[in-house]
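> Once you've looked at the hints, dock chain B against the given chain A.
Below are the chains, spelled out letter by letter.
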Amino acid sequence: MIELRGVHKSFGRQVVLDGVDFEVRRGETVALLGPSGTGKSVLLKHIVGLLRPDSGDVLVDGQSVPNLSRAGLTALRLKVGYAFQMGALFDSMTVFENIRLGIADETQYRDEAYCDARVAECLRLVNLLPEVGRKMPAELSGGMRKRVGIARAIAGRPSYLLYDEPTSGLDPVNADAMDDLIEQLQAELHATSVVVSHDVRGSFKVADRIALLHHGTIRKVGTAEDFVNAKDEVVREFLERDFQLLEAGR
Amino acid sequence: MTATPRLSGELPLHIQAPRLVAKPVIGWFAHIGRFGMMVLELIRALPDWRRWVPRAVEQCQNVGYGSLFIVLLTAGFAGAVTSLQAGYQFTGSVPIYVMGAVVTESIILELGPVLTALILAGRIGARYAAELGTMRVTEQIDALESLGRNPASHLLLPRVIAGIVMVPALVMLADCTGLLAGWAAAKSSLGITNADFVYGSRYFFRSFDLWYSLIKAEAFGMVVTMIPCYVGFTADQGAEGVGRATTTAVVMSSVMILLLDTVLAKLLLPGV
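These protein sequence lines are chains A and B, in that order. With this note's numbering as the guide, the letters of the first sequence map in order to residues 2 to 251. With this note's numbering as the guide, the letters of the second sequence map in order to residues 2 to 273.
Warning: the hint list may mix true and false statements.
Stated by the list, open to error - Where chain B lies over chain A, by a calculated footprint (3+ residues, C-beta under 8 angstroms): (1) 21–29; (2) 44–55; (3) 72–86; (4) 225–232.
Hints were generated in silico from the structure; no laboratory data involved. Heads up, the beta-carbon is just placed ideally off N, CA and C, and yes, glycines get one too.
Same shape as in the complex, but just chain A:
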C-alpha cells in the first residue's frame, strides 16, 4: 500500500505539491491525472525516494520513505518498478543490458542463463521481439523506448509499478497499444500500480480508481463513473478536454 500524507514540495519559490493526501491500495491501479506541469512526476518520485518532501510523509508498506536508511531505501527500490516518461534508457548499453540491470536479485543478476531467459521474458511481456535486445537505445522509436523502459521496470518482479506518462508523445494507435500493455501487465503481474498521465481516455481504461491533481492538491479521487458524473467545475473542465469521453458521458 502507498500512502502520501500532507506532502508539501517546493522548488525555490514555486510550490509544486501543497498538502497532497493520496492512497493506493494493494493490487489496484490508480491513474493520477492532471495537466502538464502540475507535479504528477514529482509526486511519483517521492514514492521511490528520488525526492524528499519538505513536509508530510510518504509511506510504502507502512515504511516512511523519507526516513528510510540507505539500505532500507535500496530494499524499497528493489520492490518498485519505475517506467520513466522518455524511457531513461542507458544509452551506452544495449537493450539487453538495460533490462538486465533491472534484475534486482544480485545472485540472479550474475547468472547468465537466468538473465538471458528473464530478459527474453520481459521483452515478450512488452510485445517486443528478442532481437530487439541486441539494439542500442538510439536505434529504437519513441514507443519502443517506452516499452523497453517498462521491460526494465518489471525485470526485477516488483510489487509496485509506477508509470510516468506512458502514452505521452505516442500516436493514438500506439497510445491504445500502450494502454492494452498496462492492462495486460496488470493481469499477469498483479502489481500495485500508479499511472501518471494527462490522457483521460487511457486512464479510464486502465485504472481502477482515478485521482486528479490540481494546484498541488488532490482535487478528486474516485472511479471513472464518479468522474463522469462529477459536478466539480475543475473536474468537468479537465474531462471536457477529451471530446470522446464527453460524448460517452452524455
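Okay, now just chain B, sitting in the frame of chain A:
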C-alpha cells in the same frame, strides 16, 4: 527628506545589498558541502569493487589511450620550444650545459604535469561533465537510483579511479617525450653535445623532482575527474544546463589546476 535608494522591487537598498552578497556566498558553501558529500559517497562505494572495477578499466582506456596522442604531441612541442627559447636567452652568457638543466627541470617540475592536466581538463573534463549532465537531464541517473543501484559505484568512482591511475602515467610519458624533444631540439639547433646535455640535466636533478611531478599528477588527476563529475552530476535541466555544466567543468578544473600548482610548489619545494 530624500527617498531611500532602491535596487529593484520593494525592499530598500540597505536590506537588498547584503542579500545580493550573501546569495552567491551561500551558493558556494552549498556547492562545497555537496562536493564533500560526493567525496563521501565515493569512499563508501569503494567496497563495491565488483561494480566499479570493470567500468574503471573502460574509463582508463578512454583517459589513457584516448588522450595519449594529444598529450605526447603537446609535451614534445613544449620540450622543443623550451629548449630553443632557453638557447636564445642563454647562449653566450652561461655555460651551454645549463641548457640540459633548464629543459629537464622545466619539463619535470612544471610543463609535463601542468600541460597534461590542462589538456585533460579540456578533453576528459568536458566529456565527463557532458556525459553525466546528459544522463542527469534525461533521467538516466534517476533511473539508476530507482533500480536500487548506486550511481557513485556505477558512474562516478570508475571515472575518478581512471583519473587517479592514468594521469600520473600520462605525465610520466609526457615528461619523457618533452625531455627527448628538448634534447633533440637543443642538439640540432644549438649544437650542444650529448655529454653536455646529460651533464647539465644530472647536475641540477634531484630524485625528489620526479616524486614532485608524480604528486602533482595525482592531485591533477583528481581535479580533472572529480570536478567535472560533480558539475555534470548536478547539472540543471535541459540542453542549456548540460552546456553550462561542460563549460563550468573545464573552467573550474583549469583554475583549480593552476591554483594547486602554486599551492603544491609552496608546500612541497624546499626553500621556497
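> So, for every hint listed, does it hold in this structure?
Hint check results:
Given as covered by chain B, the region 21–29 of chain A fails the check, having 0 residues with a CB less than 8 angstroms from a CB of that chain where 3 are the minimum. Counting residues of the region 44–55 of chain A whose CB falls under 8 angstroms from any CB of chain B gives 3; the rule of at least 3 is met. Beta-carbon proximity to chain B at under 8 angstroms applies to 8 residues in the region 72–86 of chain A; the threshold of 3 is reached and the given coverage holds. Note: the region 225–232 of chain A has 0 residues with beta-carbon separation from chain B under 8 angstroms; the three-residue rule is not met and the coverage is violated.
When held up to the earlier numbered hints, the structure conflicts with 1 and 4 and fits the remainder.
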